[in-house]
Amino acid sequence: MQPSDVPAWRRLIRFRDRDRDISDAVDDELRFHLEMRAQELALRGMSDADAHRAANARFGNIDGVRQACEQIGLERARAERRRASLVDFGQDIAYALRVLRRQPLPAAIIVLCLALGIGAATTVFSVGDALLLRPPPFPNGPRLVVIGPARSADGRPGVASFEDFFDWRARQRTFDEIGAIQRETYAVRADHTTRIAGAAVTSSLFRVLGVRPLRGRLFAATEDVPGASGVAVVSATFADRVLGGVDRAVGTTLRLTHRSLEVVGVLDAASQYPDGVEVWTSMPRVPIPEERHSRSMELIGALRSGTTPDAARRDLAAVNAQLVRDGVDLDSKVVTAVVPLRDRYVGAARPAFAAIAAAAALLLLIACANVASLQLARASARVREVAVRSALGAGRGRLIRLLLTESVILAIAGGAAGVWAAVVSTGVVTQSIPTRQAPWMTPSIDLRVLGFTLAVATLCGLIFGLVPALRLAGLAPAHTLRGGTRGGLDPRRLALQRGFVAIQLAMSLVLLVGASMAARSFQRLTTLDPGFDPTGVATFRVSLRDERYAPAESRAQFAEDVVRELKALPGVAAAAAASHVPIADCCSRFGLHVEGEPRDRTNEHLITGNVVTPEYFRALGIELVRGRAFTDADRLGAQHVVLINERFERELFQGSNALGRIVHLGSRDAVVVGVVRDVKQTSFTDAPEPQLYQPQSQVAWDDLTFAVRLSGGMTGTALFEHARRIVGRIDASMPLYRPVLLTDVLHRAVTAQRMFRTLLLGFALIALVLAIAGIYGVTSYYVAQRLPDMGIRLALGARPGALLSLVLRQGATLVAVGLAAGLAGAAIAVRFLSRLLYDVRADESIVFVSAAAVLALTTLMACLVPARRATRADPMVTLRSE
Amino acid sequence: MAQSNLDILRGTLDLLILKAVSWGSIHGYDIARWIEGAADDVLRIEEGTLYPALHRLEAKRWLSATWGLSEHNRRAKFYSLTVAGRAQLKAEQHNWTRFANAVFAALAAPRIQG
Numbered sequence: 001m002q003p004s005d006v007p008a009w010r011r012l013i014r015f016r017d018r019d020r021d022i023s024d025a026v027d028d029e030l031r032f033h034l035e036m037r038a039q040e041l042a043l044r045g046m047s048d049a050d051a052h053r054a055a056n057a058r059f060g061n062i063d064g065v066r067q068a069c070e071q072i073g074l075e076r077a078r079a080e081r082r083r084a085s086l087v088d089f090g091q092d093i094a095y096a097l098r099v100l101r102r103q104p105l106p107a108a109i110i111v112l113c114l115a116l117g118i119g120a121a122t123t124v125f126s127v128g129d130a131l132l133l134r135p136p137p138f139p140n141g142p143r144l145v146v147i148g149p150a151r152s153a154d155g156r157p158g159v160a161s162f163e164d165f166f167d168w169r170a171r172q173r174t175f176d177e178i179g180a181i182q183r184e185t186y187a188v189r190a191d192h193t194t195r196i197a198g199a200a201v202t203s204s205l206f207r208v209l210g211v212r213p214l215r216g217r218l219f220a221a222t223e224d225v226p227g228a229s230g231v232a233v234v235s236a237t238f239a240d241r242v243l244g245g246v247d248r249a250v251g252t253t254l255r256l257t258h259r260s261l262e263v264v265g266v267l268d269a270a271s272q273y274p275d276g277v278e279v280w281t282s283m284p285r286v287p288i289p290e291e292r293h294s295r296s297m298e299l300i301g302a303l304r305s306g307t308t309p310d311a312a313r314r315d316l317a318a319v320n321a322q323l324v325r326d327g328v329d330l331d332s333k334v335v336t337a338v339v340p341l342r343d344r345y346v347g348a349a350r351p352a353f354a355a356i357a358a359a360a361a362l363l364l365l366i367a368c369a370n371v372a373s374l375q376l377a378r379a380s381a382r383v384r385e386v387a388v389r390s391a392l393g394a395g396r397g398r399l400i401r402l403l404l405t406e407s408v409i410l411a412i413a414g415g416a417a418g419v420w421a422a423v424v425s426t427g428v429v430t431q432s433i434p435t436r437q438a439p440w441m442t443p444s445i446d447l448r449v450l451g452f453t454l455a456v457a458t459l460c461g462l463i464f465g466l467v468p469a470l471r472l473a474g475l476a477p478a479h480t481l482r483g484g485t486r487g488g489l490d491p492r493r494l495a496l497q498r499g500f501v502a503i504q505l506a507m508s509l510v511l512l513v514g515a516s517m518a519a520r521s522f523q524r525l526t527t528l529d530p531g532f533d534p535t536g537v538a539t540f541r542v543s544l545r546d547e548r549y550a551p552a553e554s555r556a557q558f559a560e561d562v563v564r565e566l567k568a569l570p571g572v573a574a575a576a577a578a579s580h581v582p583i584a585d586c587c588s589r590f591g592l593h594v595e596g597e598p599r600d601r602t603n604e605h606l607i608t609g610n611v612v613t614p615e616y617f618r619a620l621g622i623e624l625v626r627g628r629a630f631t632d633a634d635r636l637g638a639q640h641v642v643l644i645n646e647r648f649e650r651e652l653f654q655g656s657n658a659l660g661r662i663v664h665l666g667s668r669d670a671v672v673v674g675v676v677r678d679v680k681q682t683s684f685t686d687a688p689e690p691q692l693y694q695p696q697s698q699v700a701w702d703d704l705t706f707a708v709r710l711s712g713g714m715t716g717t718a719l720f721e722h723a724r725r726i727v728g729r730i731d732a733s734m735p736l737y738r739p740v741l742l743t744d745v746l747h748r749a750v751t752a753q754r755m756f757r758t759l760l761l762g763f764a765l766i767a768l769v770l771a772i773a774g775i776y777g778v779t780s781y782y783v784a785q786r787l788p789d790m791g792i793r794l795a796l797g798a799r800p801g802a803l804l805s806l807v808l809r810q811g812a813t814l815v816a817v818g819l820a821a822g823l824a825g826a827a828i829a830v831r832f833l834s835r836l837l838y839d840v841r842a843d844e845s846i847v848f849v850s851a852a853a854v855l856a857l858t859t860l861m862a863c864l865v866p867a868r869r870a871t872r873a874d875p876m877v878t879l880r881s882e
Numbered sequence: 883m884a885q886s887n888l889d890i891l892r893g894t895l896d897l898l899i900l901k902a903v904s905w906g907s908i909h910g911y912d913i914a915r916w917i918e919g920a921a922d923d924v925l926r927i928e929e930g931t932l933y934p935a936l937h938r939l940e941a942k943r944w945l946s947a948t949w950g951l952s953e954h955n956r957r958a959k960f961y962s963l964t965v966a967g968r969a970q971l972k973a974e975q976h977n978w979t980r981f982a983n984a985v986f987a988a989l990a991a992p993r994i995q996g
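These protein sequence lines are chains S and V, in that order.
Residue 635 in the working numbering sits at position 635 of the first sequence; the count goes up by one each step and never skips.
Position in the second sequence (first residue = 1) + 882 = the working numbering.
Calculated directly from the structure, the hints in this document are not laboratory data.
We treat Cβ as the ideally placed atom computed from N, Cα and C, and that holds for glycine.
Do not take every clue at face value.
Stated by the list, open to error - For lysine to any residue, the following SDA-like pairs were computed, each having C-alpha atoms within a straight-line distance of at most 25 angstroms:
1) V/Lys942 to S/Ala77
2) V/Lys942 to S/Arg76
3) V/Lys942 to S/Asp21
Said to hold, decoys possible - Label-pair ranges, simulated between beta-carbon atoms:
4) S/Ala79 to V/Ser962: 19 to 29 angstroms
5) S/Arg448 to V/Thr948: 52 to 62 angstroms
6) V/Ala991 to S/Ile62: 43 to 53 angstroms
7) V/Glu953 to S/Ala79: 27 to 37 angstroms
Make the full structure from the sequences, and use the hints.
Below is the structure:
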């Protein structure tokens, strides 16, 4: 196994040798002519010296001729070399394709690995870029932050009061501008009344974003002051749909239910904030100290350039301290949080994305390891073939090129398939992303990412094709052909290949464990009892924010009328109206004291509350534990009553029977008449918290959600048709909106978790397949190498079982090493994952054990196939070939 | 006179070489001598210019070359006509004859009428 004995530097100067041959030949030819001529002249009697001189003279410019001839020769040689290499190249490709076709499986696996690795990594990082890295597309995008009260400094900012906004804006030193947004829904009267998403905003909002109007103007500071006439800015799509086009919108009058506004400007789609809003109205308003604790404003600010959110947070904390010194009644339990706008959308998704990205990176590595080991195996299996070619006169360079051509073809095929996979899967992932993402977050394939993963994967294929190619080409053919190495390479090569497979097994186990954890978490999440029964519940909304519904009686009456008519429909088991339906829309909090507590601010409890009509609990299937539900007798003017959940009773009444006890809600004193089960109100992952229910007839909420329990044959679609008619009959100007089945809401509520699980599971499955392919490859190679050996052993009387166990043993060692490393890695990964996942612990050993078992079983099965081949080894074949 | 001879020769040298080689394997010196003798000294050339022309024709694959022994047992480069070269010779010979005939005809034509 010596390398060829021509040193590398000699091969490098071979071209120069050829050039010298050319000029020598020219010299010889010219000298022959001159000497022949001189000889002839000498024969005619000239002296030798004269004859030579005369011959040279007749010849003309000898040096010029020599140079011209050499030039022609060189050019000719060069052209021939080019032609030869082109021919070689064509032959290389044809040969490589032939080889690949003859052994399609390893080639296909390599292409598949490259495609999967490139596709997965590119998709995940492209999506990640869209969701996590790309700044919002507004001119001031990177500087935009959301401001609001939170329970901790790094918490999610909630809504603030107008008074907070006013004081912060006036006293801060770290912002260029702050804007306030009050989200609304507007009933727009055009051909028919529709409800659209809108927002009342301060004129500063548009300066915060830095946007310019497509037509007309935006709001002026004078329009923030009470007394100014209300004006509106509309989105381009709204202008097209309702106002007869972008160009005709400015100057038209927008008729909302209770007021009319002049449209002064149009915003293009890219300038829309908040997302989905179609109509912005001005907000003429001044602070009213008593309203400080009525929070409903979203605040967004543009940081001064060079300022960090942290500095802004400290700035606002200082402002708050100053306000307290000035005697302003601020809630001491609340801090003011400042977070980048982007985090508002994806704050919770960030760690989950990190996990997915890590998984994708692992997958890419696994794919590369697999490609490497398969390339090594392919090369090893071809020692004899290469030796034959070498013996038949193929040069070393030619051999390397030959082998490399295959790697290049594989890399190109894998790369192309990878690009395709990336395009397809990015599309799929984009579609499955929850719809509340902003439109500018739509992922597109990131070319830098694609380039990077392409480079990594193809380089991996090339390098691990090149290394064995160099070694193979260096083998001495005679030695190999005599059978000295029995068609194999050195044992170190096998160790390298086995190393790759072990690494791959380890990484696959990490993915398997992680995916199992995610699946387990998701399963627990979707099978947990939310405290209500969503099956067969249809919901829709009607908003009564209108001056005609200013009197509480009219709001109570509206709810009562609609509910009564809904109940009269066939196929309706129960119907109710509520301020909030679980999961579908979040909650309001009410400040309250319970009986016997000192009634001051520090003892106030902020309790999640719902305002409902009597049949709410029946409609949603919420179990009444004790006491009674609301009845029609609980009217305005009668005794105020409330229901509480078990948690409320346990925490605020210390577990003693709450029936008949008093809850103080501001000026109202209400009696607890019933206790119901705990309900997941905001999200599935809610910790149980105290909840309060008040009757709609006494509180008269204005933004209502109706919940209808369907029975016997009534479909959601049919119900919504009926409901639209009923609502229209009671008040034609009040549009019904957001009709949806509660099960759909729940399904959508866990979209992120479902996607997380599905992605991880998909990655793990791919990893498992790759691991099986990897170990199959290395074991097959091992068996192929030992086949002669085994044949002889069999001939000498070894039992097939012994050979089987010999092969399996080497596979098992590999699996054991891989799994041990994998378990260690998985333990670390899971510690991180358990913080992201609902209700899983880092020490769920059953997951580790079963994942390891699955991997061990499947990979050992993969070893079994080549192992059985070993037991059928024919000693005669061995003896003949040796 | 000598100058114009050379100019003509430059265009026709290739043709003469092809012709010289057409009877069989021949080395450069013999080609030079054949041109000398056959063209009656009218086409006296600088012998050196023969060789770049030979090499160009070889590069065009109209001639093939091998090294062999001369009549005096010396190593010499022998040229012979390839199939492509023979076709080329035929074509050029034909062209040359047509060209020459045209020139003769023109020289023999009567003067232009009024």
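Evaluated hints:
1. V/Lys942 to S/Ala77: holds (12 angstroms)
2. V/Lys942 to S/Arg76: holds (9 angstroms)
3. V/Lys942 to S/Asp21: At roughly 20 angstroms apart (the allowed maximum being 25 angstroms), S/Asp21 and V/Lys942 satisfy the hint.
4. S/Ala79 to V/Ser962: 19 to 29 angstroms: holds (21 angstroms)
5. S/Arg448 to V/Thr948: 52 to 62 angstroms: holds (60 angstroms)
6. V/Ala991 to S/Ile62: 43 to 53 angstroms: holds (46 angstroms)
7. V/Glu953 to S/Ala79: 27 to 37 angstroms: holds (34 angstroms)
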